[in-house]
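From first to last, the protein sequence lines are chains S and Z. This note's numbering puts the first residue of the first sequence at 1, with every later residue one more than the last. This note's numbering puts the first residue of the second sequence at 1, with every later residue one more than the last.
Quick caveat, the hints were computed from the structure, so don't treat them as lab data. Idealized CB from N, CA, C, for every residue including glycine. Please note that a few of the clues may not be correct.
Unchecked claim - Pulled from the structure, derived: some chain S residues nowhere near chain Z, Cβ distances all over 10 Å:
id	residue
1	Arg11
2	Gly23
3	Pro39
4	Pro115
5	Arg134
6	Ala157
7	Asp206
8	Asp251
9	Glu291
10	Leu301
11	Gln326
12	Pro368
13	Leu371
14	Leu372
Claimed, not checked - When the alpha-carbon atoms are kept at most 25 Å apart in a straight line, the in silico SDA-like pairs for lysine to any residue are as follows:
id	chain 1	residue 1	chain 2	residue 2
15	S	Lys43	Z	Ala57
16	S	Lys43	S	Asn245
17	Z	Lys61	Z	Met42
18	S	Lys47	Z	Thr55
As the list claims (entries may be wrong) - Looking from chain S toward chain Z, a few residues come up when the C-beta cut is under 7 Å (computed):
id	residue
19	Arg22
20	Leu333
21	Thr337
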Amino acid sequence: MVVGASLAGLRAAERLRKEGFRGELIVMGSEEHLPYDRPPLSKELLKGEREAGDIALRGGAEVDAEWLLGETAAGLDLSARVIRTESGRALSFDGLVIATGSAPRRLPNLDPELPGIFELRTLEHSLELRTHLRRSPHLLVVGCGFIGVEVASTARALGAEVTVVSLDPPLAIAGELISGVCAAMLADHGVNLHIGRTVAEVLGDDRFEGVVLDNGTRIEADLALVAVGAAPVTGWLEGSGLELNNGVLCDSSCAAIGVENVVAAGDVARWPNPVFDSAPMRIEHWTNAVEQGSAAALTLLNGSGPDTVYAPVPSFWSDHFGTRLQSVGLPALADETTVVDGSLEERRFVAACRRDGRLVGAITYGMPRGLLKYRLALARGEPSAPEASLAS
Amino acid sequence: MRIIVDRDLCDLHGQCVLTAPDIFRFDDEGELQYLPEVEGEMAARAESAASVCPTGAIEIKP
Ligand SMILES: Cc1cc2nc3c(=O)[nH]c(=O)nc-3n(C[C@H](O)[C@H](O)[C@H](O)COP(=O)(O)OP(=O)(O)OC[C@H]3O[C@@H](n4cnc5c(N)ncnc54)[C@H](O)[C@@H]3O)c2cc1C
Ligand code: SF4
């Protein structure tokens, strides 16, 4: 049984079949669709360059599984090995892949139930926001992480006026250097920036009309997008006995701690990645969902052990303002980020990211080739590889 | 196994290069180059590369 019919769930189901699993395979998902790709939701689909039919994930229609779409798991009974669904069904399983991903965090005063306030996680969200963006509105983006920045970029390209309000600087997770470059990009593209601010008050009774910030600034706007990060979807696992702490806690093979035949993968999983230290991590990256879905499936078949340890070098990308940010490793861990190639002024450079002098990642605007040697050094576990030898 | 990259789909992400640098690489012009035929271990790596290509541009055929 796979719960969560998206990227990680699909790649897990595929791997189970590929490894020769012949038993019954059920993939359950809340959404009505076969698995589709989320990155275009803030990029090409939102812009109107691609349509819903263009973003189906490869392999979704081919994998030999029973798809239970539009069905939401509501509870897990580990002793009976049964999943209860919201519609009242009870489905038994021998092995379980948890792949319920993450969902947008909410802010108490910005309720997406109020017309004009949006969040962005699903195809429906993107299509609805797109319809509104076509009317050249004033869009307020609350939060300035990857999704906030990408939507700001897309909305500007569509001719909307865009204002960003954020407590943290742009792409704060990527470090100060990138924040600075991204803030300059936003400003150059005519985005109004209010950094270090929060929304104190929302204007409008039956629809969104604007906000008052914590410093008293009043901003009138037609729409708001709340993009303040995502939280793992584990509500349905409360009380099941699984260890939940910012995700489903797993061992280094992605098996849920303390139970048999349950694995987790993708945005919902937290596991110790031997490439870094022993602190369990949760990674909200597209590539991780692919690789971890596949790895977790193998663990379900073969058990936890040295042969099934999942030790990826994470990689991530984001497209905005006509350029692409790409990273390997985990720049978020760094205490020091140094430009090693290209130029900051041209916004085309590679930077190495270190923590206590130890290489933890590398990040680039526009020079993907420059990441390869860092990715290889991280994979080989050469944490202190000096720049000179890397550059050769 | 044969490797086919659909150049219209490929937008030079380089995920394939990061995953299987012995099969995929960028040349000095920044164009993607790759081995057209691979076997065994390498074929498995080519499949991993295909699965992490964000645009689904890589096809592996027997
Ligand atoms: C707008 C947007 C843009 C992105 N852009 C990028 C990018 O440029 N680069 C990048 O690396 N990553 C990007 N990501 C992140 C990437 O898409 C995610 O990391 C990836 O989708 C994670 O896959 P997943 O399968 O773990 O979870 P999800 O894709 O979140 O899927 C989980 C699925 O489980 C279902 N589900 C949840 N609870 C239940 C339940 N109880 N019962 C049944 N089903 C349930 C959900 O409905 C959902 O379909 C982006 C994400 C978004 C939203
Ligand atoms: S990962 Fe895909 S899009 Fe990127 S360079 Fe390779 S083939 Fe092209």
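Status of the hints after comparison with the structure:
no., hint, verdict
1, Arg11, "violated (7 Å)"
2, Gly23, "holds (23 Å)"
3, Pro39, "violated (7 Å)"
4, Pro115, "holds (34 Å)"
5, Arg134, "holds (25 Å)"
6, Ala157, "holds (17 Å)"
7, Asp206, "holds (40 Å)"
8, Asp251, "holds (22 Å)"
9, Glu291, "violated (7 Å)"
10, Leu301, "holds (17 Å)"
11, Gln326, "violated (7 Å)"
12, Pro368, "violated (4 Å)"
13, Leu371, "violated (7 Å)"
14, Leu372, "violated (6 Å)"
15, S/Lys43 to Z/Ala57, "holds (18 Å)"
16, S/Lys43 to S/Asn245, "violated (31 Å)"
17, Z/Lys61 to Z/Met42, "holds (13 Å)"
18, S/Lys47 to Z/Thr55, "holds (17 Å)"
19, Arg22, "violated (21 Å)"
20, Leu333, "violated (19 Å)"
21, Thr337, "violated (19 Å)"
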